[in-house]
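Given these sequences and hints, build the entire structure.
Number of protein chains: 2
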Amino acid sequence: MSESDETSPLSDLTIAVLGGTGPQGRGLARRFATAGLDVVLGSRDASRAASTAETLAAVGRVRGASNAEAAAAGDIVLVVVPWDGHAELLASLVDVLADKVVVDCVNPLGFDKQGAYALPVEQGSATQQAAAILTRSRVVGAFHNVSAVLLEDPEVERVDTDVLVLGDDREATDLVQALADVVPGMRGLFGGRLRNAHQVEAFTANLISVNRRYKAHAGLRVTDV
Amino acid sequence: MSESDETSPLSDLTIAVLGGTGPQGRGLARRFATAGLDVVLGSRDASRAASTAETLAAVGRVRGASNAEAAAAGDIVLVVVPWDGHAELLASLVDVLADKVVVDCVNPLGFDKQGAYALPVEQGSATQQAAAILTRSRVVGAFHNVSAVLLEDPEVERVDTDVLVLGDDREATDLVQALADVVPGMRGLFGGRLRNAHQVEAFTANLISVNRRYKAHAGLRVTDV
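In the order they appear, the protein sequences are chains A and B. My numbering applies: residue 1 is where the first sequence begins, and numbers increase by one. My numbering applies: residue 1001 is where the second sequence begins, and numbers increase by one.
FYI, nobody ran anything at the bench for these hints, they're computed from the structure. There is no bait here: all hints are sound.
Which bits of chain A does chain B cover? Going by a derived footprint, with three or more residues having C-beta under 8 Å, they are:
id : segment
1  : 106-120
2  : 185-191
3  : 209-222
Beta carbons are placed, not taken as given, at the ideal position from N, Cα and C, and that holds for glycine.
What follows is the structure, encoded as structure tokens:
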């Protein structure tokens, strides 16, 4: 897919990445911009977002903004912020995110000397927490298990992984699957309803264990699909 | 790998499958017997286990027994019983399973008209429940995400999936990885510690969603390993 691909449901849409200055946010922004999409990076600090956007200027159309401005500008808004601060940020954006497709990419994980582990979440998962806060938005979960190292590496042309897209709104999950599909090697697959988001988020802890044991940047493929 | 493969750490071992008359237990028994391993199917009803074992006589060495007899006979004991009854069965086998490698394969799932969903487990996961009950055993979690339909289908020669093996005992997880490796197409991978078993069990709900949406028998592959 490219800028000139007239069949894409995404070609006229702006993709916002809240928390876009971290490795995962930067990496996703790089890939979407490379595919010809308009990207707005959001950060608590708009000038930091602008600096990060500059580093991506060579790959495509990326600009920086505050999280609130990015949320307002995005047709699809990815949430890639740290778990600590997730609820607070979303609560501040309830109105601006109304009616938008919001893609939660956050993995609530803890870390200790034995590695990563899933944190309990009152609502079940980060995605469900987002849905509980953003009651007027169309909340989807996706991009949980994608290696930031691979996303950010300009030498990596194909990101060989499936993206499980979780949600209860078929039109929204279809759109987010199409978004994953713009990245070479990546494939968006419907992965279940919001109530089954927790284990996809938590599975990132297992991939971190795999990465440690096998010195890999592990991703997931679903077979027979 | 075959019976004559002298390098296998498994060739002299008996594999017990508790709950071996259900689709998952039968399917795993079929694959291990096909690979030349000695298999004992356990069931609450020994005569039912014997009948099921007879249906597998053509593929290899499979015999039936009560769950307690199978547990006693097995060097590696797979637990493939329904979640409802899991704790009770294991509590009755604490002594007979002492010092053995016990592989919990149970997915605590509920089902309704919207599909499958993960059930909460007080100990965190079925595998951790097993470890909490079987304090003198070497408890590992594995084989959670493998399609019973594929395992049972004699036309399917390769079961194209990775088996994530969870546990805190390196020797035990290595052995169970080797057990997965005897099945053509299947690959055992270390997938993290016991505390990260929940999401692997629960992930089966997502694969059930995938199967519904795509009319598939989905499995998992970990990329870059």
